[in-house]
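Put the two chains together into one complex, using the hints given.
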Amino acid sequence: MRYRILLALWLFSDLALFIAAYALAYFLRVGFIFSTDFPFWKYIEAVILVAPAWLAVLATTRTFHPTRNQMTIRNALYIAYASLVGVALMTLTYYFRFTDFFSRLLLLEAFVISAGLVWVWHMLFNQLSRIILRMDPPVFPTLIVGLTRESKALIQSLNANRNPLKPVAILDGHGTSEKEVHGVPVHGKLNKLEDTLKDEKITHLIQCSDLEQSLNLLSACRKRGITYVILPSVLGIVERDERVESLEGRPVTIVSPKKTIWNWFFR
Amino acid sequence: MKAFILAGGFATRLWPLTEHRAKPLLPLAGKPILSHLVEKIPAEIPVTVSTNAVFAEGFSTWKRGMNRANLEIVVEDTKKDDHKLGALGATAKWISETGLTEDLLLLTGDNYLGFSMEDFLVAYRPGTPLLAAYDIKDRAKASVFGTVILKASSSGMGPPSPTLPPMGEGRSETINKKINSPLPPRGRAGVGVGAVLAFEEKPAQAKTSLVSTGCSIIPKGCLSVLLDFAKSHPDNVGGIFEEFLRRGIPVECFTFTEPWLDIGSFPAYLEAHRLLVSGPPIVHPESRVEGSTLKGSIVVGARSKVIDSTLADTMIFDDCILEDCVLRDCIMDEGCVLKGVDLNGKMLRAGTWLEP
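These protein sequences, in sequence, are chains A and B. Position one of the first sequence corresponds to residue 1 (the numbering used here), numbered consecutively onward. Position one of the second sequence corresponds to residue 1001 (the numbering used here), numbered consecutively onward.
Excised from the complex, chain B in its bound form (with noise of 0.2 Å):
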């Protein structure tokens, strides 16, 4: 199996802390987001992450600190949004021109995985595409997102098939063998697998809030059938399991309770971190916090300075001085200075200087 991963994205809804940044290489919890999702991979999954020409600097700095050996980048060679190859088709482009003859592990790289990766590679059936689906309770919501209707549920998560073996039953012994990990039992609290009824990329009237989270695995055997639907479909990764479920071919679920958080807005990127920092507030060793207030989730960048101020729910970035100020639910870029001044919920795009 090799694990392929889709960064390529210009990330317009986060400017401006994606100006000069890939969405994934955004700090979370003190490390880029892409690190949480690459550390999940088994060590010997090889991963390939797909980006574009803007980002390809920032990715190769990113692996040097990664100290993995089968780690490679790949550059689409696109400057603008409007000239993408799209995400199918950036990945089929990979698969043909790596003449792929394995089972991929597709992951998107702003998304933030709670789960066992492990747990996932064991749900896995051999010849049976599995994408992760989850649970976010609300239809409305879900009309952003792909959809899955399982079959023996209509909505929410459902209980994995009679029709399929247990968990771990049938599935890929090479990879059990290799993760050396117990398998997940049936029934374990919050995991489950089932066949997947129905896909719906972005409903205009959601079935179901269980939703599609970007990581799936295309066997080998139905590479065939991707590179033939990106050739129409370039931008449509979710609609590969509808083009799955046309053609006959079935499709698994793997259902789980762990957050997920996909981050693609700035209310979603405060979410997250307020969700992975919920202990003591993250402040960078070369960073000087005096005479402050840190309440809720915070994390403080390298070099940076907070003198007198009041933070809460905040994150800031490396080089920033803040002084005599209060901060709410705010996220400053690098090289922000700020002295005297109260903001709530504020993205500040790097070199931000306010001073009344």
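Bound conformation, chain A alone (with noise of 0.2 Å):
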């Protein structure tokens, strides 16, 4: 309940803040006056319109998800995507809607403000939700499985970044001797994992090693209904250059040489 009500709250937010941006622009370029020339309210009119499928245009960058950390580079340029496609419907909308252009100027503005408005509030955002996600008890309970150098720098990460994947226990599949890895106890080996997943009320569990059991926990997690995870250096990639792509519409994990830049986008 209290992640549908953060992400209506963030989704509402975010298209009164796309309609201020574009409220902003305007005044911004026609000066604090409403006017007669090119009249605010069929200009507004058109941005609402717009808005919806603005931000249908974002969900689909994956923004609004929960894991999604706001202060990247890669973020920011999703969130600019979206921007440019929001003014390319605007200026649509508002030719079909009124048969009528309006300032480009505008329209420049309109992007720079809604792209930038958006991510600082994306980030703030962020911030304060993955404070109230983690709050006890947390809305993302997860279990790690698996002890090694790769799960102790996750768990590490996972609270330094107060990410909404809140480690609250930990399995290992040969035991361990350790009782808590940075304050999340370690519960014992696999054969606890029922009692755990149902004790701690697990939404996800992250996979860092015993590939063996793979099988056996994604099993697990269907019935329960949790969200699987799985980490690159269970399949023993750990250079992180790896990347999940579509092969046939299959969705594949490639390791490809190091290139150039262009290779990112060609191959």
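Worth flagging that the hints you see were computed from the coordinates, not collected in a lab. Computed from a predicted model, the values in this text were never measured in an experiment. Incorrect hints may appear among the rest.
[Unchecked claim] Going by beta-carbon spacing under 10 Å, a handful of chain B positions derived as facing chain A:
1) T1012
2) T1018
3) Y1112
4) G1114
5) M1117
6) T1310
7) L1348
8) R1349
Backbone N, C-alpha and C fix where the C-beta goes; we use that ideal spot for every residue, glycine too.
If you want it as structure tokens, here you go:
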């Protein structure tokens, strides 16, 4: 419930922000008056019509995903891309609705303001929501399977960045003498899986080792409606140069030889 | 003599097959591992199986199907691995509670013993602890077991000690009469008895590849030593033989060459399956196999369906469905449904559903 309320607030605030950004662009371009040559109400009507479509485009970039870190260049580029589509939609909508054009500079300003405002707001909202989502009891209690160098680094990173996925328990297929890692208790071996999933109300399971048990962990997750995550290091991919792509419609993990930046687009 | 079988472990290494059943109750060649063991014990020897509270119900069900009057289940009141009494602790508790005054045949429930239990009992000299040992021919692997060094040989399976009487001579007449079988002749291929020089429980560097197999006889006169030792070492079953030797009590060793399998892991379980199911596939009469190729060791449990699939060295428990699959070296727990998948070397959790 906490997550749904936050998500609804986020979506509505984004819509409001998009409309406000365009209104600000209007006043910056026209001056703080309601022009009769270029009526504000006609303009804002087109913006209101476009806003949901812009939000849908933004959602396709998965920027609202709870685990997305908003403070990355990639995320900023996604928001800029959605804003650019928003400007295009606005132009088309205004023309089709009123068979008229208006200032090109206004469109440029609307793009810059909407992209900038939305990104800044997303970063702020992200910080706020991460704090709220991790409050006890956490919204996304997460089970870590496998105690390895990678899993320890992951736990530290999730906690340091206040990621909504809050590690609450660790299981290790081979057993370990460690009782806790960065404050997260080690519950034991995989024979404690069912009890841990039930008692801790786990919503996410991150497999960090024990590759031979991936089918069984996945099976347990499917039965309980838990989201299953596997680290590439479980497959031996430790250089962080992997990416998930589609091969004839099937998702695949790809590790390509390191090339120039252009290869990112074309290979 | 009374037999006491240790079956109180939580078998974490065989997860998920042991998620809802104890390791000794896992099927092997069509029946539970424990059934193979209990059936080897002469009918007149009362058998007690010790388990924990988590798996108690499974053992009660198993007992009902065993058709053996002198079979008893004792339940250790523990539900967590770290709350266990320990194998020796559980044995000591049972001895104290029952006031045992007879020799004790002590066995571990997850071992498959290929040798004749009658040969082992005949080899027992009253008053001298006896343990069964097997040469696994690999010192590196021996370091995870209790290793036995015989007086006559420093490694491997040595010949019986010249200081000992031939097998059968001076040994339990009562048992000889009861089992009513000829004594194994001295020097019979693969079987021997020797005096133990040293016993090392899980040594860092094994000096021998002869390992203890979880089958031993503790004479009634030595039970007090066991009770005393269990207080400080409740988990160290093998350590009792070190303790006997430390106190100057001679220990004898029964060696054999028939198969011995310690079923403690997935590879070991699969190996045991391959060894015991070497003939035609074992398919339950209530199961259906159609248009499929079965290679190597195959067991198909009750009410399962295998259609248009290829199986090699695979064990399928009850109520599974396989359609258009290729499985090699796999063990499927109950209620799995697999359609159009290829798997190699997997243990599948009960109720797994894979259908691309």
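Evaluated hints:
1. T1012: holds (4 Å)
2. T1018: Nearest chain A Cβ about 7 Å off; hint holds.
3. Y1112: violated (22 Å)
4. G1114: At about 28 Å, which exceeds the 10 Å cut-off, the nearest Cβ of chain A leaves the hint on G1114(B) violated.
5. M1117: violated (31 Å)
6. T1310: The hint is violated - T1310(B) has no Cβ within 10 Å of chain A, the shortest such distance being about 19 Å.
7. L1348: It holds, given that the least Cβ distance between L1348(B) and chain A is near 6 Å, below 10 Å.
8. R1349: holds (4 Å)
Hints 3, 4, 5, 6 from the earlier list are contradicted by this structure; the remaining hints agree with it.
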